[in-house]
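Participant: Put together the whole structure using the sequences plus the hints.
Those protein sequence lines, which keep their order, are chains A and B. Number 238 in our numbering belongs to position 238 of the first sequence; there are no gaps in the numbering. Number 40 in our numbering belongs to position 40 of the second sequence; there are no gaps in the numbering.
Among these hints, one or two may not hold up.
Where chains are identical, the list cannot tell them apart; a pair therefore holds if satisfied intra-copy or between any two copies.
Only pairs whose alpha carbons sit at most 20 Å apart, straight line, appear in this in silico EDC-like list of lysine to aspartate or glutamate [what the hints assert, rightly or not]:
#1 Lys201 with Asp19
#2 Lys201 with Asp34
#3 Lys75 with Asp38
#4 Lys23 with Glu13
#5 Lys201 with Asp12
#6 Lys142 with Glu131
#7 Lys142 with Asp237
Calculated directly from the structure, the hints in this document are not laboratory data. Keep in mind the model is a prediction, meaning the values are calculated, not measured.
There are 2 protein chains.
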Amino acid sequence: MTAPRTYEALRDELASRHDELSKRLKQIAEYALDNPNDMALETVSAIAERAAVQPSSLIRFAKAFGYTGFSEMQKVFRSHLVENGSNYKERIRSLGRDSVHQSNASSIVLDDFIDGGIAALSNLRDVISPERLEQTVDILAKADVVYLSAQRRSFPIASYLAYALAHLDKRCVLIDGNGGMFLEQARSMRKGDALLAISFKSYASDVVQLVKETRGKGIPVVSISDGVLSPLAQHSDVCLEVEEVEVHAFRSLSATMTLALTLVVALGHALDQSS
Amino acid sequence: MTAPRTYEALRDELASRHDELSKRLKQIAEYALDNPNDMALETVSAIAERAAVQPSSLIRFAKAFGYTGFSEMQKVFRSHLVENGSNYKERIRSLGRDSVHQSNASSIVLDDFIDGGIAALSNLRDVISPERLEQTVDILAKADVVYLSAQRRSFPIASYLAYALAHLDKRCVLIDGNGGMFLEQARSMRKGDALLAISFKSYASDVVQLVKETRGKGIPVVSISDGVLSPLAQHSDVCLEVEEVEVHAFRSLSATMTLALTLVVALGHALDQSS
DNA sequence: TTATTATTGGAATATATTTTCTAAATTAAG
DNA sequence: CTTAATTTAGAAAATATATTCCAATAATAA
Numbered sequence: 001m002t003a004p005r006t007y008e009a010l011r012d013e014l015a016s017r018h019d020e021l022s023k024r025l026k027q028i029a030e031y032a033l034d035n036p037n038d039m040a041l042e043t044v045s046a047i048a049e050r051a052a053v054q055p056s057s058l059i060r061f062a063k064a065f066g067y068t069g070f071s072e073m074q075k076v077f078r079s080h081l082v083e084n085g086s087n088y089k090e091r092i093r094s095l096g097r098d099s100v101h102q103s104n105a106s107s108i109v110l111d112d113f114i115d116g117g118i119a120a121l122s123n124l125r126d127v128i129s130p131e132r133l134e135q136t137v138d139i140l141a142k143a144d145v146v147y148l149s150a151q152r153r154s155f156p157i158a159s160y161l162a163y164a165l166a167h168l169d170k171r172c173v174l175i176d177g178n179g180g181m182f183l184e185q186a187r188s189m190r191k192g193d194a195l196l197a198i199s200f201k202s203y204a205s206d207v208v209q210l211v212k213e214t215r216g217k218g219i220p221v222v223s224i225s226d227g228v229l230s231p232l233a234q235h236s237d238v239c240l241e242v243e244e245v246e247v248h249a250f251r252s253l254s255a256t257m258t259l260a261l262t263l264v265v266a267l268g269h270a271l272d273q274s275s
Numbered sequence: 001m002t003a004p005r006t007y008e009a010l011r012d013e014l015a016s017r018h019d020e021l022s023k024r025l026k027q028i029a030e031y032a033l034d035n036p037n038d039m040a041l042e043t044v045s046a047i048a049e050r051a052a053v054q055p056s057s058l059i060r061f062a063k064a065f066g067y068t069g070f071s072e073m074q075k076v077f078r079s080h081l082v083e084n085g086s087n088y089k090e091r092i093r094s095l096g097r098d099s100v101h102q103s104n105a106s107s108i109v110l111d112d113f114i115d116g117g118i119a120a121l122s123n124l125r126d127v128i129s130p131e132r133l134e135q136t137v138d139i140l141a142k143a144d145v146v147y148l149s150a151q152r153r154s155f156p157i158a159s160y161l162a163y164a165l166a167h168l169d170k171r172c173v174l175i176d177g178n179g180g181m182f183l184e185q186a187r188s189m190r191k192g193d194a195l196l197a198i199s200f201k202s203y204a205s206d207v208v209q210l211v212k213e214t215r216g217k218g219i220p221v222v223s224i225s226d227g228v229l230s231p232l233a234q235h236s237d238v239c240l241e242v243e244e245v246e247v248h249a250f251r252s253l254s255a256t257m258t259l260a261l262t263l264v265v266a267l268g269h270a271l272d273q274s275s
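Facilitator: Next up, the structure:
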């Protein structure tokens with residue numbers, strides 16, 4: 001008699017053994033299937049009250065299904081709650097941890113990055129707010145010239161955006177710091193333009209400073225960054241937050257790239273309509 | 001001083017007051033934003049351990065944001081977990097898809113690209129042959145200097161590779177055609193080096209020609225391209241084939257980017273072992 | 001520097017939660 | 001209807017968890 005380790009297995013067990021259960025245990029089984037959230041989050045006594053049973057019945061219930069106590073069964077309900085939620089980060093973290101010590105054959109590495117990339121994309125769907133996306137597109141559409149700023153590993157994103165915006169006949173300047181002219185390139189920004197900055201922790205100081213200065217001049221700033229603590233988020237008019245996944249100590253760019261692509265296409269639509 | 005009652009409000013508060021917090025409280029704020037699930041489900045001491053702080057700090061943290069204790073704050077994290085869970089989210093999404101079809105089109109675009117990106121990544125797993133991947137890594141590992149060549153929308157990939165290879169202390173030259181010196185940059189290639197070319201149809205003629213010439217000189221050429229008809233595939237020692245998915249007339253770069261990342265990490269392992 | 005204030009760590013305490021145990025109630029069998 | 005077996009309720013005990021408190025440490029101002 002081994003206890004179910006997943007929510008699905010437990011559900012099946014609850015259903016199939018329902019008939020052979022005693023009256024009170026039946027009652028609890030029904031409550032559990034109806035209110036899995038309560039089972040996951042509430043205390044024994046709270047659940048007991050809501051299900052109109054004694055607390056001790058819940059312990060008997062858990063033991064009847066092979067658990068050592070109620071708490072152990074509750075873990076199963078809790079894990080379900082997490083897996084169902086918008087949290088791909090967890091899965092990815094465990095992925096990263098496991099795979100580091102395993103074989104480093106390159107095809108295994110590829111598998112990890114593919115899994116990580118898929119998770120990051122799924123997560124992107126959950127965390128990007130449509131409103132912010134609209135706002136961003138709006139600001140970019142209205143801008144006379146779009147300035148793009150990114151350094152290091154974010155630079156390829158800006159580089160791609162420069163290419164794509166040019167194809168949309170949207171004027172843009174890629175601040176690439178070529179020839180050490182980072183500030184010089186940025187200086188030509190003026191009212192009516194907009195800045196799109198991309199940076200992740202640890203945030204490139206050039207980009208952060210540029211964002212602050214630009215905002216200070218009253219020029220709209222939109223950014224792509226991670227989390228609310230990002231200095232870009234704090235000093236931008238709109239910030240699109242991306243959670244990139246780290247596998248093998250290297251951060252993927254799939255999600256950010258996909259977001260960039262989306263911006264381009266959405267901007268293309270917006271420009272079509274206004275013209 | 002009234003405590004935030006929703007997860008979003010709490011998130012905002014955590015971000016905006018982050019600067020004024022003491023060292024330990026900052027640390028906790030960062031952990032909380034990174035691991036909302038832990039905050040929702042784990043016990044004070046478990047969280048304390050994972051965040052490397054004292055349990056009492058967590059209580060002080062909660063009180064600093066106006067709660068009577070940690071448990072009260074935890075409720076906010078828990079409610080978020082429930083709201084995000086199971087069918088609630090699905091309902092909202094499908095609702096949004098139908099009703100707001102015209103007004104905020106950009107989130108629909110995002111959805112499409114995410115689906116496309118996931119499809120491309122899944123496909124990548126099937127089409128990339130481990131042998132070719134190994135061969136590619138092998139060639140790059142043996143090269144004295146790796147030359148990177150890509151144009152237009154593939155350029156960001158090469159740009160990223162240049163960044164990443166530099167981090168591996170692998171010498172590389174990004175042939176970016178800056179100052180119209182495409183051929184000049186390429187001319188310095190010699191025996192012992194290798195060329196990594198990236199191009200998709202319609203193939204940039206510069207890159208194709210460079211591949212042919214380089215091969216002619218007896219310098220190994222590896223490439224990332226699409227399908228067997230690619231001139232890169234025909235004139236390379238090894239070609240990794242990627243099928244990117246086209247959505248809204250724009251090709252994604254997720255799969256290619258993921259492949260590039262994989263190359264970098266696999267190359268890193270290879271270099272570690274040989275040194 | 002020294003005095004003052006704020007912050008922190010960690011043991012001690014209070015609270016809450018789970019689990020056990022037993023007498024009472026219910027059910028099933030003869 | 002009686003008896004044995006099961007199940008249940010509820011209080012008591014054990015455990016886990018949250019919170020408080022204060023000495024030690026670090027930060028800040030004089």
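Participant: Taking the earlier hints as the rules, which of them does this structure contradict?
Facilitator: none
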